[in-house]
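*Asks:* Chains as they are written, first to last, in numbering that gives the first Met the number 0: chain A, 0 to 256; chain B, 0 to 256.
Certain hints may be false.
Identical copies carry no separate label here, and so any pair may be met within one copy or between two of them.
Okay, derived cross-link-like pairs now, EDC-like style, lysine to aspartate or glutamate, Cα gap no bigger than 20 Å in a straight line [unchecked claim]:
id, residue 1, residue 2
1, K85, D58
2, K181, D239
3, K53, D39
4, K59, D39
5, K91, E192
6, K85, D199
7, K85, E196
8, K53, E196
9, K253, E151
10, K253, D39
11, K150, D227
12, K4, E192
13, K21, E151
14, K90, D193
15, K253, D220
16, K178, D193
17, K91, D135
18, K189, D134
19, K189, D135
20, K88, D58
Derived by calculation from the structure, the hints in this document are not laboratory data.
2 protein chains.
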Amino acid sequence: MTNAKPNILVVNDDGITAPGIKVLMHAMKELGRVVVVAPDSPQSGMGHAITIGKPLRLDKVDIYEGIEMYSCSGTPVDCVKLAVTKIFKGKKPDLCVSGINHGLNNGINVLYSGTMSAAVEGAIESIPSIGFSLDDYTMQADFSHCIKYVKEIAQQVLANGLPPATLLNVNFPAGAHLKGVKICRQANAKWAEDFDERMDPYKRPYYWLSGVFQLNDHGEDTDSWALDNNYVSVVPIQFDMTAHYAIPVLNSWKFNV
Amino acid sequence: MTNAKPNILVVNDDGITAPGIKVLMHAMKELGRVVVVAPDSPQSGMGHAITIGKPLRLDKVDIYEGIEMYSCSGTPVDCVKLAVTKIFKGKKPDLCVSGINHGLNNGINVLYSGTMSAAVEGAIESIPSIGFSLDDYTMQADFSHCIKYVKEIAQQVLANGLPPATLLNVNFPAGAHLKGVKICRQANAKWAEDFDERMDPYKRPYYWLSGVFQLNDHGEDTDSWALDNNYVSVVPIQFDMTAHYAIPVLNSWKFNV
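Same shape as in the complex, but just chain A (with noise of 0.2 Å):
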């Protein structure tokens, strides 16, 4: 990082009018020079999707005044690569921020979340990223208490950068009275799925999804208990999936082909 003021990407996944993105926008605002790349509309759960089959739209608005933004007819991770080789052209931004998103991305979340993935996919392209994430689900939600946090750990990452191939999954309880922030792990746990199942008009069946949140895990370093004891997690999310203490168990086995 130079003495300039640093060039912040800003990314989510609940839209570009979303008050979750207003709120990171204005808090970056205070700390570099922002650039705002965001979905035309709703992306949750979109997980790590890219747009292959069909050309993407990348139009230059103007809603919050003196803040560039770009709105993108993409995934959440479109918009980061979008952004990196049609905006910043190949000049990488110092810091990629998603969120604040309206709903919290702790435990397993991480895979499905479009606020995560476009982070994730900040760090694939070894930009400094943070996912934002806050325990409200409504667009009603108030995220003024963590403000302070959003730019103190913002600063943070601009000032000491992250280990390789890392970047923060940082989430919030709702309500003001924050205990501050713990480091964890990811919690073992996941979505018990429901699927209702309902008749459309024409009396063929159809199915919306619905779940509860599974809490398999009683470990206190986790994201869900860092939560659950009103503090803000904070976990470090690595992009290499392999599972390299099974390598010697599958190493054992005898291939007979």
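Based on the hints, put chain B in the right spot on chain A.
*Replies:* For chain B alone, coordinates are given in the frame of chain A:
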């Protein structure tokens, strides 16, 4: 696993009529009772996307004689969730196989791939799961040299199980002269993106994603190395994204909040 015929869920991301899934379902039919649940249209690059904001269709179809098949309007991950909840109804299948993908899913592609994300979802559901992919992106791909490996690897997984919270990412070189199986780690490789900028008939710009797969890894223990040297690459994959090595680094930071 009991002595009864194993129940095998077959999924993919190229869609229910892709040649790759036909090869996979016929190979699996020799090992057990097969149920196919696959997207009704191609879903390449969908990553771990799930469908939240709209309903899903799941229709029984009769394409290949003697195989129970369902076509799903959702993503590859939706297919697995619907299969477990609505078809197997809680009695988990003994094996989940995904593919065979028309195109490689080595290195960082695990994150973008619908094929692999379906297998990851199987593993999250505690089902032993394997994703298979071939280095041929065409619909005319020849899978014949893969079949004996597909069956052998599936049989080993049925017999031995997999280490907890682990699945397999199996990739095949194109062409008949395979040298055997190599257990590998995910190569440090990424896409160097580009976007083709074009004009629509109304003189508005649009973008098509393109790019070059860039190997930044000289290790001889990677999936990319194995494939380049005509081995079948087998990478154990985890879905705990925590960068455990980074936790002490972050714990040394002082947060001024």
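*Asks:* Broken hints, numbered, in rising order?
*Replies:* Hint check: 10, 11, 12, 16, 17 fail, others pass.
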